[in-house]
Amino acid sequence: MTPDQIVALLAAAVTAGAPLIYAGVGETLAERSGVLNLGVEGIMLVGAVCGFAVAVATGNPWLGALAALGAGALLAAGHAVLTVTLGAEQVTSGLALALYGTGLSAFLGKPLIGVPNPAPFRAFPVPGLGEVPVLGPILFRQDALVYLSYGLALATWWWLARTKPGLHLRACGESPEAADAMGVNVAAMRYGAVIVGGALAGLAGAYLSLAYTPAWTENMTGGLGWIAIALVIFSTWNPLRLLGGAYLFGAVDALGFRVQLLGVETSSILLRMLPYLFTLTVLVVITVARRQASVPAALGRPYFREE
Amino acid sequence: MSTGAAAPPLARPARAEPPAWVEAVGVRAGSIVAAFAVGAVFLAATGHDPAHAYREMAVGAFGSSFAVEQTLVKAIPLALAGLGVALAFTMGLWNVGAEGQLAVGALAASWLALSAGGLPAAVVLPGLTLLGALGGAAWALVPAALRAYAGVNEIISTLMLNYVALLWVDYLVFGAWADPTAFSFPYSRRFPEAAHLPRLYGDVHAGALAALVAAAGLALLLGRTRWGYEIRTIGASQAAARYAGIPVRRRILLVMATSGALAGLAGAGEVSGVIHRIQQGLSPGYGFTAIIVAWVAQLRPWAVVLVAVLFAALLNGGFVLQTAGVPAAIAYMLQAMILTFVLAGEYLLRRLRRRRAVAAARALAPP
Amino acid sequence: MRPPLVELRGIVKAFPGVVANAGVDLTIAPGEVLALLGENGAGKSTLMQVLAGLYRPDAGTILIDGAPADLRSPGDAIARGIGMVHQHFRLVESFTVTENVLLGQGERRFLLRPAADHARVARIAGAHGLTVEPRAVVRQLSVGERQRVEILKMLYRDARVLVLDEPTAVLTPQEVAPLFAAIRRIAGQGRAVVFISHKLDEVLAIADRIVVLRAGRVAGEAQPAETTPRALARLMVGHDVDRPPRPVAAPGAIVLELRGVDATGEGGRRALHAVSLAVRAGEIVGVAGVAGNGQRELAEVVAGLRPPEAGEICLDGVGIGHLDSRARWRLGIAYVPEDRLAEGLIAPFPLAENAVLRDYARPPVGRGPLFDRAAARARAAAIVERFQVRAPHVDTPVRHLSGGNQQRLLVGRETWRRPRVLVAMHPTRGLDVDATASVHRLLLSLRAEGVAVLLLSESLDELFALADRIAVLHRGRVAGERPTAAATREEIGLLMAGAVP
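Chains as they are written, first to last, in the working numbering: chain Z, 1 to 307; chain C, 1 to 367; chain V, 1 to 501.
Keep in mind the hints are simulated off the structure, nothing from the lab.
Some clues are possibly wrong.
[What the hints assert, rightly or not] Calculated cross-link-like contacts (lysine to any residue; reagent style SDA-like; alpha-carbon spacing at most 20 angstroms):
| # | chain 1 | residue 1 | chain 2 | residue 2 |
| --- | --- | --- | --- | --- |
| 1 | V | Lys199 | V | Gly188 |
| 2 | Z | Lys110 | C | Ala359 |
| 3 | Z | Lys164 | V | His118 |
| 4 | Z | Lys110 | C | Ala182 |
| 5 | Z | Lys164 | V | Lys199 |
| 6 | Z | Lys164 | V | Arg108 |
| 7 | Z | Lys164 | V | Glu312 |
| 8 | Z | Lys110 | C | Tyr201 |
| 9 | Z | Lys110 | C | Arg362 |
| 10 | Z | Lys110 | C | Ala206 |
| 11 | Z | Lys164 | V | Asp117 |
| 12 | Z | Lys110 | C | Thr323 |
| 13 | Z | Lys110 | C | His48 |
| 14 | Z | Lys110 | C | Trp177 |
[To be verified] Heads up, incomplete: computed chain V residues facing chain Z, CB under 10 angstroms, no partners named:
| # | residue |
| --- | --- |
| 15 | Ser73 |
| 16 | Gln87 |
| 17 | His88 |
| 18 | Phe89 |
| 19 | Arg90 |
| 20 | Leu102 |
| 21 | Gly104 |
| 22 | Arg109 |
| 23 | Pro114 |
| 24 | Leu155 |
| 25 | Lys199 |
| 26 | Leu200 |
| 27 | Leu204 |
| 28 | Trp416 |
| 29 | Arg417 |
We put the beta carbon where it would ideally sit given N, CA and C, even for glycine.
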């Protein structure tokens with residue numbers, strides 16, 4: 001590969017990593033509060049279809065992104081009701097949400113198949129930074145949602161590590177008993193984290209239909225939601241490491257695509273297995289190497305004061 | 001023997017209450033009704049007449065002998081995969097890879113069917129059934145071994161392997177196994193007659209029998225055997241299982257393999273009993289729906305069969321609705337709503353029993 | 001006496017299976033150390049958890065400064081100046097001391113400022129004489145240090161009422177004095193301290209006023225100067241308590257022997273170092289130690305749940321270190337684990353299926369591949385009868401039984417076939433006085449039958465009452481071993497603290 005090709009590959013990795021960052025940061029928030037949300041894939045699909053529909057109707061991609069945020073928040077709120085208030089098994093509720101979201105997106109998206117998107121997010125160089133050699137084309141000739149994704153990961157890391165609400169959120173995921181005894185409203189924190197997390201998953205989906213491949217196709221996420229959940233484990237619940245992980249996965253994705261362009265003799269279908277096999281491999285390596293030391297201690301455990 | 005031998009320390013509960021099963025069945029039935037009610041609101045909100053839609057669905061699912069056959073045909077893979085999922089969940093293993101295990105089972109069965117040449121049905125049918133089960137079991141053993149020996153989260157691993165399995169099907173039906181007479185349609189040649197599962201009633205193939213046998217076997221396994229006791233113990237408390245010296249790792253392998261084998265059987269049944277070839281999209285998400293089926297059935301084997309029929313009816317009803325202009329996806333949404341309300345119902349049941357226990361404690365305390 | 005800071009009127013609180021408070025009245029005055037005395041299950045903790053906003057009372061009112069207070073959450077209670085240190089600490093293990101102190105209600109602010117926060121926590125800790133390193137992660141702290149963090153959390157918020165639930169249960173005798181000094185200092189600032197305990201001597205030493213609870217009601221009130229331990233004990237239990245007599249030991253041959261055993265604990269740290277210990281037939285060997293000094297690992301290494309990394313474990317002189325828990329059970333090693341409902345029993349399962357957890361694989365329950373449910377019920381009924389387990393039915397889930405009945409079922413199952421060795425860890429934790437006495441009688445009768453008993457307990461009273469010899473674990477080593485008759489509490493306490501007396 002020539003240097004130019006490498007830069008192009010890395011730029012593609014950053015683009016492909018953006019939805020993983022949104023969904024992964026959202027899932028990090030939920031899991032750090034103690035709630036596993038396996039519904040990301042479904043939420044992303046609903047976000048993608050709602051964002052697309054609103055963008056087509058209004059001609060404004062920002063309104064589409066806003067709609068996706070709202071739709072994601074609404075679905076995640078359902079998960080929060082079931083798991084936080086009703087204490088339902090988080091795995092089951094999340095899986096149901098994934099399936100429900102898939103069904104709902106197909107339901108809502110039927111009339112949108114084949115409709116062109118008149119108003120996608122377009123890439124634009126950041127004045128000045130876009131001209132920096134190497135880094136410019138990789139990081140600063142992207143679209144607005146990619147730029148926002150950098151800030152989101154950094155801001156979430158800072159909020160979790162350096163602010164009191166962040167401390168409270170982490171306490172809910174580590175020991176809801178301790179948090180509750182000191183007057184932290186565990187249910188409210190968990191609701192907040194799950195809903196914001198869901199909104200971000202919705203936005204991740206909208207990124208696909210409004211920027212990445214600006215169109216709506218059924219099941220267009222193709223498992224990205226699940227990969228985002230694996231990424232959260234991979235990053236040990238740290239938004240900064242998540243940033244790195246998302247670009248690594250983005251690179252694998254982009255590489256698969258590029259190997260084809262380079263004319264290497266491989267079936268495109270086998271190459272599409274790559275991200276899933278890579279996720280599995282990384283998961284195995286991480287599990288064996290780390291022994292899950294940093295899992296939020298109360299992840300998956302409902303909290304009721306009197307039981 | 002009766003427990004009457006220990007009569008003195010045993011005392012009946014003081015107050016007459018509805019039997020536990022009446023309550024349990026009542027709450028679950030109520031959950032399903034509530035799901036349909038919310039579905040009706042959703043339909044009305046999106047401009048459809050709910051009464052009309054539900055009537056159409058009922059007719060589509062059960063309105064004719066053909067409809068009943070189609071419903072039962074769809075219930076077969078849901079029941080088989082649902083039983084497998086229920087078994088794994090009983091042990092606390094989140095096998096969400098039934099879709100992939102189903103696909104690999106279908107692949108293994110198809111391999112024999114497509115390469116059987118002139119072998120007689122008496123050889124091919126048992127062979128492809130066995131291969132289907134083995135294929136699903138093998139696919140499930142990968143995450144099982146990773147979980148048992150390296151502690152790898154089986155939710156993610158089984159899910160990732162779903163995608164790999166489905167792409168593997170694509171790879172073969174677009175490539176080596178593609179039907180040479182079709183113009184790049186994603187399916188294989190039609191299986192020879194010897195590889196068609198016999199029919200029992202209309203379109204209902206012998207897989208129905210397998211599903212019933214599997215349900216009976218699972219009920220027996222869980223309730224009446226040492227393995228069943230061990231599996232339930234592991235699911236209820238890993239610490240207690242370790243304490244009792246139950247070989248947890250070996251049971252993980254056993255349970256996942258069985259779970260995968262049941263999903264694999266479902267896959268073999270689809271290719272050799274229904275579509276008679278292997279194709280892209282051979283399952284409309286049976287392996288995922290099976291998860292909801294298992295949970296709605298509260299992991300009870302016979303209830304899985306019943307819920308599988310209900311969910312198959314929803315799928316069929318959904319297809320019929322599509323012709324009336326309502327997207328078929330409404331069926332999936334109804335299924336998800338049913339699960340949601342069943343989960344909520346569990347909560348109500350728990351609260352009810354707790355409140356009753358508190359009241360009983362207060363009633364018994366001296367004034 | 002000054003007007004009460006807090007007044008509880010007619011507090012009622014019920015749980016499934018038990019009425020914890022059946023109409024309790026209590027006043028708490030500023031500047032006093034009020035002891036809440038009672039047996040396990042008397043309702044002391046529940047009452048204070050109602051005051052701390054953790055439980056909503058079913059009936060009754062709470063008055064703070066004379067005005068009714070509706071405490072809907074611990075946050076409400078903290079805002080009204082009530083702070084509670086729970087018996088099971090409520091700390092976030094992965095957080096630093098400072099993070100734990102800052103967590104929750106108090107000053108309204110957004111940013112954490114680590115350097116300034118550490119300094120501030122250190123200053124407040126110093127002002128109250130509670131030495132603790134603000135930067136330390138709680139997971140690495142000793143139990144005594146954790147307790148200081150809990151107290152610090154409340155003083156940081158300037159609590160006016162500080163409730164301490166069984167604060168000495170986890171301390172060595174030597175750690176008690178500094179705690180009492182801190183309590184005196186805190187009360188001297190005009191704060192009220194509620195000291196929950198079931199230990200008569202401690203209550204008499206620290207309290208200004210003693211309120212005794214029994215079976216969810218106030219059984220009486222006393223001034224330390226005007227009462228006697230015996231009178232308090234009678235108030236607590238309702239009748240005179242007789243210690244089960246411990247006949248003279250007639251120990252036989254060595255049954256269980258550990259020689260130089262090393263083992264690894266959770267998280268991979270070395271938990272046992274070259275532990276050597278012998279238990280003879282007809283002997284109870286007690287193991288004392290501050291929680292977390294290797295007791296759990298010792299019990300598990302004997303029961304076969306934790307492989308030894310070095311050394312030998314012998315039963316009747318034969319090495320069994322390589323055998324798993326089932327093989328050891330078959331050789332006669334029974335085990336009553338610390339967490340009875342999570343490990344020794346299966347909470348959602350009925351009595352019948354719990355009664356056969358050890359023997360399900362053998363006849364009459366396990367016949368070939370089958371599991372005979374009728375045989376399991378019969379076994380359960382037999383255990384229920386012989387060990388006087390009070391249960392509605394053998395099909396009742398064990399989580400619906402009281403702690404005492406759960407323990408009777410568990411001990412009954414473990415000793416059903418007379419074992420060679422019984423390992424019992426905290427066998428009376430959380431049990432009421434009658435259940436405790438029945439477990440004690442059972443241990444002594446096993447001793448009389450020639451069983452080798454290894455008793456790990458956090459209660460020195462229990463060890464001194466039952467054990468023939470007491471070994472002390474400190475940081476995974478046997479710090480010392482004494483015949484009970486020749487040992488003093490002070491000596492054992494020093495060994496527990498790691499000091500060589």
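Practice task
Of all the hints given earlier, name the ones this structure violates by number, lowest first.
Solution key: Of the numbered hints, 1, 2, 4, 5, 7, 8, 9, 10, 14, 16, 24, 25, 26, 27, 28 and 29 do not hold.
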